[in-house]
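Engineer: Okay, here's what each chain looks like letter by letter:
Number of protein chains: 2
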Amino acid sequence: TKHVLADYFGTELVMHQDIADKIKAWFESRNVPFHEVNRLQAMLPRDCTVLPNPLGTASGMWFERPSGQVVVSMPGVPYEMEGLMMSEVLPRLRSHFKLPTTLYETIVTAGIGESSLAALVSDWESALPSKGVSLAYLPSPGQVKVRIGVQGPAEDRKSLAHLLEAEAQAFVDLAYDHVIGRGDSGLPEAVLNMLKKRGETLCTAESCTGGQIAAMLTAVPGASASMWGGVVAYDNRVKQDLLGVSAENLAKHGSVSECVVKAMARGARMRLGTDWALATSGVAGPSGGTAAKPVGLVWMAVAGPEGEMAWCHRFGSQRERIVQRASRRILTHLHEAMREGPRRVG
Amino acid sequence: TKHVLADYFGTELVMHQDIADKIKAWFESRNVPFHEVNRLQAMLPRDCTVLPNPLGTASGMWFERPSGQVVVSMPGVPYEMEGLMMSEVLPRLRSHFKLPTTLYETIVTAGIGESSLAALVSDWESALPSKGVSLAYLPSPGQVKVRIGVQGPAEDRKSLAHLLEAEAQAFVDLAYDHVIGRGDSGLPEAVLNMLKKRGETLCTAESCTGGQIAAMLTAVPGASASMWGGVVAYDNRVKQDLLGVSAENLAKHGSVSECVVKAMARGARMRLGTDWALATSGVAGPSGGTAAKPVGLVWMAVAGPEGEMAWCHRFGSQRERIVQRASRRILTHLHEAMREGPRRVG
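Going line by line, the protein sequences match chains R and L. Under the numbering used here, think of the first position of the first sequence as 1, with each following residue one higher. Under the numbering used here, think of the first position of the second sequence as 1, with each following residue one higher.
Don't read these hints as lab results, they were simulated from the structure. Only true hints are included.
Any copy, or any two copies together, can satisfy a pair, since identical chains are not distinguished.
Restricting the straight-line Cα-Cα distance to at most 25 Å, the calculated cross-link-like pairs of lysine-lysine (DSS-like) are:
1) K293 - K22
2) K293 - K24
3) K98 - K158
Whole structure, please, built from the sequences with the hints as guidance.
Structural biologist: Encoded structure:
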C-alpha cells in the first residue's frame, strides 16, 4: 500500500527512525523477537504526516492534496484501525474541516422486541421527521438500542442539545419499563451501576449459560467493586457439591426446573456471601431437548435480600443465541428487581 | 426494498398466504404478539421465487433475468442472512451456474504470532504460487488460522483434493508445535476433543478472565461431556472460600502470583473432582496496574494428574483483548500438556 501511495502522491519512502524505535520497543515490551521485516514498517513516505499507532506497529499516513482534500491510510487490523481513528484521525479531521454538528443520544432497552417497542412509541416517532430529528433502532439479541440524532450548523449547538434532550426524555417516559440505561451503557453496566449505588454485591450460578453472564459482567472495567464471582455448574455434581442443590430435587424435577434454579441461586448467594445471585439452567442444544423441555427453554432465578424469584423463557433454537439472550434477560430481571426494591434508586 | 424490486423486475406485490401462515406460527411459537405489520411481510413480488427464512420472518427473494442473471434479496439481520445463504442461496447458485471447484483446508495454530509463523514456513510458502495454491493468514487474538486453497475445473476435483491434502500436511509438519486443529475446529473444540478421546474431565478457576474460558468451552455443543464447570473467583473471598487459597498466601504474594494461581487450579481440581483444572489471575485493567504487575500481566496455571504448571504472560493493555488472549493462551497450554502427557494421542 505505502509504495502505491508514495507513487501516487509523488514522494518516496524513507526510514522514519523515531517510528522504528517505537516499533522495536513495542516488540521488546512483549518479549517477541524483532525481525528486520518489522523494521521495514518504519519505511514510510517522506511527504506525509505519520500517525503513530498506539496499539500496533503499522503506522497511519495522512496526505494533504493541494486542492485541500485529505487522504488517510490506516492499518488493516480492525481494533488498531479503530484506535488510530479515535486517537488521531477524527480529532485531525474535526480541526481540518468545518463540519455541521451532529448530536446523538442512545437509549438502551431490554426485554422487549423491536416491533413491540416501535408500536409503543409510534405516535412520538411519527412526529420526529417534521422536527428534523432522526431515529434508528439498533437491535441485538435480548437488547434494543434506540439512537436519536439531530443535525445542524455548529453555531446552533446549544438549541440542538436542548431538542435532543427533550426527545430523549419523551422516549424514556414512553418506554420507561424497558429502559435500562443511556449512552453506551449496556445491561451489564446498568446492573453494575445500580449495585454500586446501593452498595450491594452479586454472584452467578450458571448452568446453560456456562460462564457467559460472569464474562459479560466482568468485561466492564471496575466490575470487581460489586461482582464477586460465581460458579459454572455445568455438571450436576457441581450443582450439588458447590451450590448445595439436593440430589433428590435434581432427580425429581430435573436440572432444568424452577426448583433447581432457585436452589442454585440461593446456594450461590449463601456460599459466596453476596446480596444478590443469578442462576440459569436450560437446554442450549442442539441435543438434549424433549417435548416437555425443548431446546431453547431456560429457567432463570434471581435470589436477593427478599427471597428468590424464577422465570421460564423460550429463546429460539440456536445455541449461541440462546446463551446470549438468556444472559441478557436475567440481567433485565435483576435490574427490574433492584428498581422495584425497597431502596429504589433513579 | 421489495417495492423497488417489484418495480424493477416489472411485477407486483401479492399476498403469499403460505408465508403469512409461517410467520404467524413463528410468532405464536415464541408467545410474541402478531401485529398486522408482521403479516405484511408476506406481501411479496408475484414473479419471484420466495426463499423461506428458517430463522426469522423476512423472506428472501430470487429473481431470474432473461439474460440468465440472478438477483437475490436477503433479510438484513446478519444471522438470518447467514442462515438463508446456507440453506437456500448457495445450493441454488451451485445448481444454477457451472462454477469452478474451489477447495479449502483451514489449519488452526495458537501461541505463535502471524509474522513468526510466516518466518517458520517461508520456504514452503514461497513455492506455493507456482503450484497454483493460495494461502491466507487469518489472525485473531491468541490464534492464527491458515487457509490453503486450490481452484480448478470441476472434473479435476480428485487431483485438486490430493494437492490440497499434501500441502496441508506439509504445513502441519513444519508448524507442528503450534498446530491445534484442522477445519473449523478452534482451540476450545481441539481441547474438548482431546479430553473426550482421553476420557478425562476439566474445570476452570478464573479471576481476571471472569468466566470467559468457561463460556468459550461451553459454547461448543457437547461440551458437557468433559467440561464439568468452574468457579469465577473475582473477589479474594471467593478464592478462599470456594477454592481453598490460603489468606496467608494471598496477603504474602498477592492474588496475581504463581503461588496463588497454582493454588486456585489445585483447589478447583480437587473440589470439582476433575482430571484437569485451569486457573488465571492477572491485571485486566484499566486500573490496578503497578510497576511490578502492570496491566496485561496474567499468571495462569494448569493442574493435572501430574501436578501443576504455571506461566506468566503479558497481553497488551486493552481489557477485552487481555481477557481473550489469556483465555486462548491457557487452552494452548492445556493442549500442549495433554499432547505431551503419558497418554499421548494423535
